[in-house]
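Please work from the sequences and hints to get the whole structure.
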Amino acid sequence: KAGVTQTPRYLIKTRGQQVTLSCSPISGHRSVSWYQQTPGQGLQFLFEYFSETQRNKGNFPGRFSGRQFSNSRSEMNVSTLELGDSALYLCASSLEGGGSWGEQFFGPGTRLTVL
Amino acid sequence: SQQGEEDPQALSIQEGENATMNCSYKTSINNLQWYRQNSGRGLVHLILIRSNEREKHSGRLRVTLDTSKKSSSLLITASRAADTASYFCARYPKGGSEKLVFGKGMKLTVNP
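Residue numbers (the working numbering), protein chains in the order written: chain A, 0 to 114; chain X, 181 to 292.
Everything labelled a hint here was simulated from the structure, so no lab data went into it.
Take these hints with a grain of salt, some might be off.
Stated by the list, open to error - In silico DSSO-like pairs for lysine-lysine, Cα to Cα no more than 27 Å straight-line:
1) X/K236 x X/K250
2) A/K0 x X/K206
3) X/K284 x X/K274
4) A/K12 x X/K274
5) A/K56 x X/K284
6) X/K249 x X/K236
7) X/K287 x X/K249
8) A/K56 x X/K236
9) X/K250 x X/K284
Stated by the list, open to error - Computed, partial: chain X to chain A, Cβ under 8 Å:
10) L228
11) I229
12) A261
13) A265
14) F268
15) L280
16) K284
Claimed, not checked - Okay, the calculated beta carbon distance ranges per label pair:
17) X/G196 x A/E51: 46 to 56 Å
18) X/P292 x A/R29: 37 to 47 Å
19) A/S26 x X/G196: 32 to 42 Å
20) X/P292 x A/S78: 42 to 52 Å
21) A/E81 x X/H237: 29 to 39 Å
22) X/R221 x A/P60: 22 to 32 Å
23) X/V224 x A/R72: 37 to 47 Å
24) X/K249 x A/N58: 26 to 36 Å
Note that the structure is predicted; figures quoted are calculated from it, not measured.
Every residue gets a Cβ at the ideal spot worked out from N, C-alpha and C, and that includes glycine.
Given below as structure tokens:
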């Protein structure tokens, strides 16, 4: 099976712009979670989608949003970018998600740089 | 904020030596997982240990869990240069929202 794929791998934006990141989970996985990784804060949970519904949400402002499509692919959007949004954004998929508390399979990440 | 931390934050050893990393946490868990991350890349799942398990092995990896002390350890035996990476423990807390909570990670350097 193909692994989790994320596009694009690298992105450079300027403050105030918006960005959309994409994640394709492993075939058959219905849960997609998003994480932000920065040197200062480490790995922080953004949100989880399961069957097109947001099931869990982390402590991030409303500028961060996401959605999941019927084929389980997910996108996350960040509006009005700030310098502090520069980070590695990781997507992870799992069969059932939080309810089964199982392992998550991570994509390679999208490195976002905000100038 | 992160619940729990890996200890030590950085470890440098010679190839062939064993590496032990510790993880502490504050709240009850459903399970605890260890992940590895090579520089700037995605995380790779290593091992999952459930709250009712005390020890688990996978190849050169051994994980222990002590729920009374709210701590876990990851032992890598006969380390190799390829084991150089950051290692994270992550926990599914019992109760509350069902999200995986990561520690800040520990950088392991294995010198050839």
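Hints and how they fare:
1. Restraint check for X/K236 and X/K250: satisfied, since their Cα atoms lie roughly 16 Å apart, inside the 27 Å limit.
2. Note on A/K0 and X/K206: the hinted pairing is violated, with a Cα-Cα distance of about 37 Å set against a maximum of 27 Å.
3. A hinted pair counts as satisfied when its Cα atoms are at most 27 Å apart, and X/K284 with X/K274 qualifies at roughly 20 Å.
4. Note on A/K12 and X/K274: the hinted pairing is violated, with a Cα-Cα distance of about 39 Å set against a maximum of 27 Å.
5. The hinted pair formed by A/K56 and X/K284 meets the criterion: a straight-line CA distance of about 20 Å does not exceed 27 Å.
6. Using a Cα cut-off of 27 Å, the hinted pair X/K249 and X/K236 holds, with the two alpha carbons roughly 17 Å apart.
7. Between X/K287 and X/K249, the direct Cα distance comes to roughly 23 Å. Compliance with the 27 Å bound is thereby established for this hinted pair.
8. Of the pairs offered as hints, the one joining A/K56 and X/K236 is violated, with about 31 Å between alpha carbons and a cut-off of 27 Å exceeded.
9. About 17 Å separates the Cα atoms of X/K250 and X/K284, which keeps this hinted pair within 27 Å; it holds.
10. Here the hint on X/L228 is kept, as its CB sits about 6 Å from the closest CB of chain A, short of 8 Å.
11. Because the closest C-beta pair between X/I229 and chain A is about 11 Å apart, greater than 8 Å, the hint is violated.
12. The criterion of a C-beta within 8 Å of any C-beta in chain A is not met by X/A261, whose closest approach is roughly 22 Å, and the hint is violated.
13. With a cut of 8 Å, the hint placing X/A265 at the interface with chain A is violated, because the nearest CB-to-CB distance is about 13 Å.
14. With a least beta-carbon distance of about 7 Å to chain A, the hint placing X/F268 at the interface is held under the 8 Å criterion.
15. Among the interface hints, the one on X/L280 holds; its C-beta lies about 6 Å from the nearest C-beta in chain A, closer than the 8 Å criterion.
16. The criterion of a C-beta within 8 Å of any C-beta in chain A is met by X/K284, whose closest approach is roughly 4 Å, and the hint holds.
17. Here the CB-CB span from X/G196 to A/E51 is close to 50 Å, well matched to the stated 46 to 56 Å.
18. Between X/P292 and A/R29 the beta carbons are some 42 Å apart, a value that agrees with the proposed interval 37 to 47 Å.
19. In this structure, A/S26 and X/G196 meet the distance hint of 32 to 42 Å, their C-beta atoms being roughly 40 Å apart.
20. One distance hint, 42 to 52 Å for the beta-carbon pair X/P292 and A/S78, holds here, with the actual separation near 47 Å.
21. Judged by the Cβ atoms, the range 29 to 39 Å given for A/E81 and X/H237 is violated: they are separated by roughly 45 Å.
22. Here the CB-CB span from X/R221 to A/P60 is close to 27 Å, well matched to the stated 22 to 32 Å.
23. Our hint of 37 to 47 Å for X/V224 and A/R72 is violated, since their Cβ atoms are close to 22 Å apart.
24. The hinted window of 26 to 36 Å between X/K249 and A/N58 holds, with their beta carbons roughly 28 Å apart.
In summary, the numbered hints that this structure violates are 2, 4, 8, 11, 12, 13, 21, 23.
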